[in-house]
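Engineer: Residue-level listing of the chains:
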Amino acid sequence: MSFWQLYRRNKSAVFGLIILCLVFIMAMFAGIVFEDDPFTLAGKPMSAPGTNGFLLGSDTLGRDVAAGIAYGARTSLLIAGLATAVAVFVGAVLGGLAGYYGGWVDDILMRVTEMFQTIPSFVFAILLVAIMKPSIQSIIIAIAVVSWPAVARLVRGEFISLRNREFIQACHTVGMSDIRIMVKEILPNCLSPIIVAGSLMVATAILIESGLSFLGLGDPNIISWGFQIGAGRTVLRSAWWVCTFPGVAILLTVLAINLVGEGLNDALNPRLRTRT
Amino acid sequence: MSMRKFFLFVGMALFMSCKMAFAQQAGGNLVYIVQPEPPSLAPYLSTSGPIGLVAPKIYQGLLDYDLELNIVPELAESYEISDDGLTVTFNLQKGVTWHDGEPFTSADVQFTIMDVLKQFHPRGPNSFKEVKEIQTPDEHTAIFKLERPAPYMMRAFAGYESPIVPKHLLEGKDIREAELGNNPVGTGPFKFVEWKKGQYIRLEKNENYWKEGLPYLDRVVARVIPDASTRTAAMENGEVMYGAFGAIPNVDVVRMREMDDIGTTTDGYSMINPMALLEFDTTEPPFDNPAVRNAISLTLDRQFFIDNIWFGYGKKATSALSSNYEPTGLYKPSANYPEKPDVAAAIKLLDDAGISADADGVRVKATLDLIPYGEEWRRAGEYIKQAVAEIGIELDLRYEDVPTWIKRVYGDYDYAMNLNYFYQLPDPVIGVHRHYGTDQIRAGTPFVNSTRYSDAELDELLVQGATSADPEARVGIYHKIQDKLSTDQPVVNLFELEFITVFNSKLKNHDFSAMGSYSSFDKTWLEK
Chain A
1 MSFWQLYRRN KSAVFGLIIL CLVFIMAMFA GIVFEDDPFT LAGKPMSAPG
51 TNGFLLGSDT LGRDVAAGIA YGARTSLLIA GLATAVAVFV GAVLGGLAGY
101 YGGWVDDILM RVTEMFQTIP SFVFAILLVA IMKPSIQSII IAIAVVSWPA
151 VARLVRGEFI SLRNREFIQA CHTVGMSDIR IMVKEILPNC LSPIIVAGSL
201 MVATAILIES GLSFLGLGDP NIISWGFQIG AGRTVLRSAW WVCTFPGVAI
251 LLTVLAINLV GEGLNDALNP RLRTRT
Chain B
1 MSMRKFFLFV GMALFMSCKM AFAQQAGGNL VYIVQPEPPS LAPYLSTSGP
51 IGLVAPKIYQ GLLDYDLELN IVPELAESYE ISDDGLTVTF NLQKGVTWHD
101 GEPFTSADVQ FTIMDVLKQF HPRGPNSFKE VKEIQTPDEH TAIFKLERPA
151 PYMMRAFAGY ESPIVPKHLL EGKDIREAEL GNNPVGTGPF KFVEWKKGQY
201 IRLEKNENYW KEGLPYLDRV VARVIPDAST RTAAMENGEV MYGAFGAIPN
251 VDVVRMREMD DIGTTTDGYS MINPMALLEF DTTEPPFDNP AVRNAISLTL
301 DRQFFIDNIW FGYGKKATSA LSSNYEPTGL YKPSANYPEK PDVAAAIKLL
351 DDAGISADAD GVRVKATLDL IPYGEEWRRA GEYIKQAVAE IGIELDLRYE
401 DVPTWIKRVY GDYDYAMNLN YFYQLPDPVI GVHRHYGTDQ IRAGTPFVNS
451 TRYSDAELDE LLVQGATSAD PEARVGIYHK IQDKLSTDQP VVNLFELEFI
501 TVFNSKLKNH DFSAMGSYSS FDKTWLEK
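Residue numbers (this note's numbering), protein chains in the order written: chain A, 1 to 276; chain B, 1 to 528.
Hints are not guaranteed to be accurate.
[Said to hold, decoys possible] The list that follows gives simulated cross-link-like pairs (lysine-lysine, BS3-like), each with its CA atoms no further than 25 Å apart:
#1 B/Lys-332 - B/Lys-484
#2 B/Lys-340 - B/Lys-316
#3 B/Lys-316 - B/Lys-118
#4 A/Lys-44 - B/Lys-340
#5 B/Lys-205 - B/Lys-167
#6 B/Lys-173 - B/Lys-211
#7 B/Lys-132 - B/Lys-145
#8 B/Lys-167 - B/Lys-132
#9 A/Lys-133 - B/Lys-129
#10 B/Lys-118 - A/Lys-44
#11 B/Lys-132 - B/Lys-173
#12 B/Lys-196 - B/Lys-211
#13 A/Lys-133 - B/Lys-348
#14 B/Lys-132 - A/Lys-44
#15 B/Lys-94 - B/Lys-167
#16 A/Lys-133 - B/Lys-385
#17 B/Lys-480 - B/Lys-508
#18 B/Lys-407 - B/Lys-348
#19 A/Lys-44 - B/Lys-94
[As the list claims (entries may be wrong)] Simulated coverage check for chain A against chain B, where a stretch passes if three residues somewhere in it have a Cβ under 8 Å from a Cβ of chain B:
#20 85 to 96
#21 225 to 239
Note that these hints are calculated values from the structure, not bench results.
We put the CB at the ideal spot given by N, CA and C, even for glycine.
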């Protein structure tokens with residue numbers, strides 16, 4: 001069966017993929033649908049949804065909530081994508097080295113990883129952003145720093161289980177270099193769990209970014225869903241729409257990514273290929 | 001030498017107290033909010049707001065100020081100023097004792113001003129700069145001898161600003177470390193009993209209080225409640241009865257003021273006079289050019305801050321001085337503070353100054369630092385960014401933690417434009433001069449002249465304003481100062497902040513003084 005056929009069997013995964021595609025489309029076309037910057041004071045403050053030309057209402061300063069959600073999708077996807085890429089790369093390199101070489105290399109790298117894992121990740125992210133000044137770079141770095149240890153441990157486990165297989169020993173016998181064995185032989189064989197972990201990490205990254213922005217540690221020059229919720233929470237009782245719609249956006253996106261992650265897991269995991 | 005006497009208010013106070021005597025009820029406990037927890041109870045060392053909420057119930061000043069900023073007697077029953085303005089004589093109340101039973105005398109006044117406030121208080125060295133000596137011919141007379149007239153000094157005698165402290169408990173000790181700092185002993189209506197850190201400070205009625213029949217309350221408890229929504233809930237269910245200085249967020253105030261048993265007031269802040277403003281680094285481009293600063297002043301819609309960010313509380317700035325100075329005559333509405341934003345005039349100003357736009361319509365790029373005191377200030381920054389974009393000024397916003405921000409703006413001057421607010425206090429010499437004088441360019445001291453604006457003509461006017469004893473002459477001087485400042489605009493004033501006090505309607509007469517929540521509460525009472 002082809003990958004798509006495997007994936008398609010999981011109906012909720014298809015649903016997740018559709019939502020995720022819609023979010024991508026929204027992010028891509030934000031600039032065309034909403035010509036003004038999302039911070040523009042577009043009209044009467046605190047307009048209810050559907051009034052004064054605001055589809056989803058306006059916030060306390062008169063900014064369009066719908067425009068904020070569309071542009072916020074860019075921020076969320078950009079930050080989550082980059083942070084995950086960095087985290088997966090760092091985690092794969094360190095976990096791969098530790099798993100392949102074992103011994104003292106493993107000991108040192110895993111003690112370092114554990115050190116990072118003992119600190120609660122969200123608190124650590126807050127600390128990092130507060131030390132560096134809040135900006136899009138510092139948020140990406142903070143999310144990557146708190147996310148890579150999980151990947152490192154996963155990759156290490158896969159490498160340990162693969163490194164003594166016969167085909168790897170055969171590689172040693174024909175004189176392949178360590179780097180080549182790691183990259184060309186072992187890595188492709190443990191790619192599927194990494195992809196699944198990575199896709200779920202994107203969802204966590206969106207949540208961390210939203211949490212940071214909600215607490216006022218976001219980049220003040222860039223709109224994001226968490227920022228919108230943080231800015232609207234004081235008026236929750238009088239203007240529910242300011243918080244609610246960005247909240248729904250986060251909910252749907254994170255849910256969609258989780259469903260896609262599960263679908264990938266089902267499709268890529270040979271042991272689950274017969275699951276119905 | 002002729003003397004001017006001020007007995008009128010003694011009479012007025014007596015009259016008022018007779019008239020109201022029927023309604024007042026003695027007894028009851030008042031629980032109110034203090035937030036954050038005070039660092040100490042040493043008002044002679046720190047002007048920190050939370051200390052002001054508690055200490056003035058224990059310590060008193062020589063004078064107090066009513067809601068119209070008139071001087072009323074406190075520990076001094078009357079005072080006289082000589083015609084040349086160089087001698088101020090205070091006649092002290094008789095029969096006043098400290099909480100430990102020792103008598104209060106003129107020696108305490110002399111010691112407090114000369115050895116404590118002039119040395120250790122944040123604003124004391126400025127307020128009492130001209131005091132060279134205090135004579136004590138008898139136990140109930142203190143004569144201040146001044147180098148030069150200091151009319152502003154008469155605004156600095158309230159219990160919060162200049163508390164009179166017991167000489168017998170501080171003399172010969174290390175003032176900063178003295179035990180008195182955490183176990184205050186004053187002359188006020190309430191005695192310090194207990195401080196449970198992180199929870200509350202409890203004060204009991206002073207049975208030997210020198211004002212006959214006062215205070216009405218039996219006990220005053222200042223509770224520490226760090227979470228804003230918990231404070232709101234405590235106020236709604238009557239657990240606490242009084243909260244000042246934004247203890248209850250504005251958005252909740254808007255909802256709570258409709259409730260029957262909750263009242264709100266903006267009285268009691270006229271001595272504080274907070275003003276929101278923009279500071280500019282006037283030594284470097286782009287804000288070294290007054291045209292750019294004036295263009296910003298013309299572009300901003302000051303009412304927008306008040307309506308949309310502060311939920312209707314506040315007043316548009318119309319000059320470098322707060323309109324709260326109006327009763328003294330010093331305030332004058334000035335140019336470059338338009339009633340409505342005038343973008344066309346701002347653009348013309350920039351064009352005339354030769355600051356032209358590039359292909360994207362951008363004339364100036366800069367970073368705006370935001371005071372890190374909460375969400376409202378971020379919203380204000382976001383608004384400013386949008387508003388000035390209309391005249392081609394592109395701003396980046398920067399929001400840091402408090403120590404980094406203070407160091408950046410007031411230590412390293414590593415900023416271009418800064419959103420902040422300043423207390424103008426009861427007299428411009430105390431609250432406003434520090435923002436503009438050349439002698440106030442003091443790197444490392446927060447909340448002074450960070451713009452590094454320096455102008456010989458203005459400096460001369462500031463000296464005249466500080467030393468002129470004649471109120472009429474001061475009016476002229478301060479009008480000139482405001483004209484000068486509205487032309488140069490080293491600081492663009494935005495709006496007068498209004499703090500809101502929220503109280504349970506059973507609580508009566510809580511804000512009888514210009515000091516508001518920083519007053520003694522001695523005439524405050526509870527309806528049963």
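Engineer: Would you list, in rising numerical order, the hints stated earlier that this structure does not obey?
Structural biologist: 3, 6, 9, 10, 12, 13, 14, 17, 18, 19 and 20
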